[in-house]
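2 protein chains.
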Amino acid sequence: MSELIERLSAGLPAEAVLTDPDVLASYAHDMAGFCPAGTPAAVAVPRTVEQVRHVMRTADALRVPVVPQGARTGLSGAANAVEGCVLLSLLRMDRILEIDPVERIAVVEPGVVNATLSRAVAEHGLFYPPDPSSWEMCTIGGNIGTGSGGLCCVKYGVTAEYVLGLDVVLADGRLLSTGRRTAKGVAGYDLTRLIVGSEGSLGIVVGATLALRAEPPQQLALAAEFPSTDAACEAVCRIMEAGHTPSLLELMDRTTLRAVNDMTKMGLPETTEALLLAAFDTPDPAPRLHAVGELCTAAGATEVVPAEDPAESELLLKARRAALTALDAVKGTSMIDDVCVPRGRLAALLKGTAEIAERHGLTIGVCAHAGDGNTHPTVCFDAADEDEARRARASFDEIMELGLRLGGTITGEHGVGTLKKSWLAEELGPVSLELHRGIKRAFDPHGILNPGKVF
Amino acid sequence: MSELIERLSAGLPAEAVLTDPDVLASYAHDMAGFCPAGTPAAVAVPRTVEQVRHVMRTADALRVPVVPQGARTGLSGAANAVEGCVLLSLLRMDRILEIDPVERIAVVEPGVVNATLSRAVAEHGLFYPPDPSSWEMCTIGGNIGTGSGGLCCVKYGVTAEYVLGLDVVLADGRLLSTGRRTAKGVAGYDLTRLIVGSEGSLGIVVGATLALRAEPPQQLALAAEFPSTDAACEAVCRIMEAGHTPSLLELMDRTTLRAVNDMTKMGLPETTEALLLAAFDTPDPAPRLHAVGELCTAAGATEVVPAEDPAESELLLKARRAALTALDAVKGTSMIDDVCVPRGRLAALLKGTAEIAERHGLTIGVCAHAGDGNTHPTVCFDAADEDEARRARASFDEIMELGLRLGGTITGEHGVGTLKKSWLAEELGPVSLELHRGIKRAFDPHGILNPGKVF
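As they're listed, the protein sequences go chains C and B.
Positions 1 to 455 (my numbering) are the ones given, in order, by the first sequence.
Positions 1 to 455 (my numbering) are the ones given, in order, by the second sequence.
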């Protein structure tokens, strides 16, 4: 037994230290393609904050890298193993410690699954908005690490906006508490927000105090068919410009619609170039939906179909939620971009993406949180076809380059990981990058926390 | 002429470097009491980013401290001069560069007055929520520096939530761009949020991209009279627990009501112990107001008076907005606490504050953003009475201590400055403080940016 395993085992129950090579391999990757992973030395699966501190103290003493993990549904390789590392899985720290309707907060451990929390707070008439596609599997800790978004963001914003305070185990095992339980607070630097989205590179989140909202009425949706992505994007701009705040505003292009139909037999319109879904969760959504429908028609929609009731709305959303899985099934592998551009540049991004697909002879489907300008161009390819895989990777990068050129960001909600590391340097520039390194040094002087990720 | 003035003047127009001692003295303070200020060496009033860079390069070369300033309406001494410093006033960088209704953003220079921006965006049907009491005077740069709030926060949150990206001149004159123009983005560490609320200690904000919202309907308010602060705080908890999201939820105690009447002759009820104001800015506020009124009555309200129309609502808000000025007039000087506690502890904070006032033989009026648990206990005293001033200072500190004991924070929206520096250390603890210092070093290795403030 290596010194690492021996010392880890000294402070953890036997079942919390995994070393079987097959098990190690099964923990080595998140869901991102094209991201290499090293071979971990061990997986630690603590149940308590003290056990996490023991892992970090051990790793610090031996200068062993530590990679924290949630459900490994991430899409950028941030949770992938680094050679010889300890994979620190927070999955068993999965308790909801408190739900308080007066304070509108929940206090949770990092391994709580997003959907579990959402359902638990709903029982108190409360609402935890962040809803990434993987919400039935992904954990709050993972959401915090990557800064996840979802369909809700056009009205409710991203995960960061719901994190009031954190308990964090630092690289050397010390415990840091950030933020607050109160609705407001500006005492000192915003370390909470600094840690959200830092992909485990600054500390291990072992607890979170989350802001909740009052549960809104069930949302009512409409679907609008457009003869071009240009027209659909024009409608998005007109809807936002007119002062509407839909609870979601989503776009699926023809490739995506076909993929969803192939998988689900849902019978979505396949001849249309783009389908827009808009919904409102206000007490009286009908006039809003009507106005949005008219704006869609004015922008060139050929058909506008309001849902009859929340159940029909939910069906439409199911189609949208199935998009990524459906696109993945088209050719067996997919690579999901996450470029976010100003709304006014959405049409240019979609047009440019279509050109990139054509130039590389590839299938790229686009679904988008259109109201945010956050697109997920998804390259569908056969991983066994080396040339196609190479073209897929190239097109993926070209889409990020295009996004930056259009004034956007390389990641709206999926994070950087290893997949977009070189692109992050491009987006941030040298001054920002130097400050990032200074902050990293202040938190993790020996560089043991998820090294080689983000920057 | 000193070397500092000579070198400053080499890159700034003559009228942008002020050295007259009377002028220097007039710039040396913000509006906080009990905060010492040094004598500045100069005031620099640049109009361009390049001029700000020149100031910082000069200060960096000569290791001279720099204190950035907006309208100096701050309440914690953060903008006070440090001995021998350059006061860097951003007041003349006051252009609104862009308002974009599709992207729902505004791009501004730091010297833009909050009310000027709010009115300008309203012309586009847009809404910039943060509304500190000083909104007619304070600047966006100052709001960003201190992390300001206001009456809007219970529904719309604080300044930080509206800052998408920043242009920042660093200590050595380099230019940093943080954040984005897009609705979402998680590329790298959240340097934007780190700088918001850092009180000029990490860099000089020279530009900001702000998120806007669609303008809501005019709000409709009700006023409820309570026989005790306990009953009023109970009503606050029941209102939030019932899932209401008012656009404001404010409390004034009897001392405050009397002070406002004395100043404005508004005829507010003086025999009531606490007045609660609640408002909604939804399309159909009447049912909500009715429900809130019933909750108030159930909590013990003796009178519930809904406003007839938005104009009458505005009158009620005027009374609330006059509170701090009115309390200041009671004995000529006032000292405003900014403690924020969990809503459930609001009653305990108000009770404890009353005890502190009695023990010290002082008048302390409380107005509060009650929906946030953010209170402003305001100590009224005669500054010429040395003993009373000493007791005022002691009571001010005791209220912060009480706030921390109740699980709150020493500052909900006013910042730390010099006034609450020792209390910040108390709130954060040594681990957090060490990380604060590490971050400060990464941004400002020679410690020239607003030294001696925050921590």
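Just so you know, not all the hints are guaranteed correct.
As the list claims (entries may be wrong) - Chain C residues, not near chain B, derived (Cβ > 10 Å throughout): (1) R7; (2) L191; (3) D230; (4) G373; (5) R391; (6) I410.
Claimed, not checked - Reference listing, derived: stretches of chain C covered by chain B, where coverage requires no fewer than 3 residues with Cβ under 8 Å from a Cβ of chain B: (7) 58–65; (8) 169–183; (9) 338–348; (10) 439–450.
Just so you know, the hints here were simulated from the structure itself, not pulled from any lab data.
The beta carbon of each residue, even a glycine, is placed where N, CA and C say it ideally should be.
query = Hints broken by the structure, by number, lowest first?
reply = 2, 4, 6, 7
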